[in-house]
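Full structure from sequences and hints, please.
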Amino acid sequence: MSRTSMQLLREGNVVAEVEVILIEGDHEWTPTVDLGSIRKLDAVRRALRTGDVRAASKNARLYRLVEDDQAREFAEAPQPDLKQ
1 MSRTSMQLLR EGNVVAEVEV ILIEGDHEWT PTVDLGSIRK LDAVRRALRT GDVRAASKNA
61 RLYRLVEDDQ AREFAEAPQP DLKQ
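Using the working numbering, read the sequence shown as starting at 1 and increasing by one per residue.
These are computed hints drawn from the structure, not numbers from a lab.
Remember, it's a predicted structure, so these values are computed and weren't measured experimentally.
Built from N, CA and C at the ideal position, the CB exists for glycine as well.
Worth double-checking, as some hints may not be accurate.
Unchecked claim - Label pairs and their in silico Cβ distance ranges:
| id | residue 1 | residue 2 | range |
| --- | --- | --- | --- |
| 1 | VAL14 | LEU35 | 22 to 28 Å |
| 2 | VAL33 | PRO80 | 47 to 53 Å |
| 3 | THR32 | ARG64 | 29 to 35 Å |
Okay, here's the thing in structure tokens:
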């Protein structure tokens, strides 16, 4: 029996969300990650470390992290107080 799960990898200011296959078993080390998923994780990690975002995006969904100071300009505009 197997199921999918998301694994997050972070390199610098980029986070990659990689779908992996977990294999359920009857032993104490369950669940284990599928060998193909491990290779996919390694490929994404290698691509991010070398700065190859295009290669990393073939096997992952990528997100860029911004510091809190920079994120304020992405925030919603202040809402006026509601009067009752």
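Checking each numbered hint in turn, tell me which of them this model violates, lowest number first. When the structure is compared with the hints, none of them turns out to be violated.
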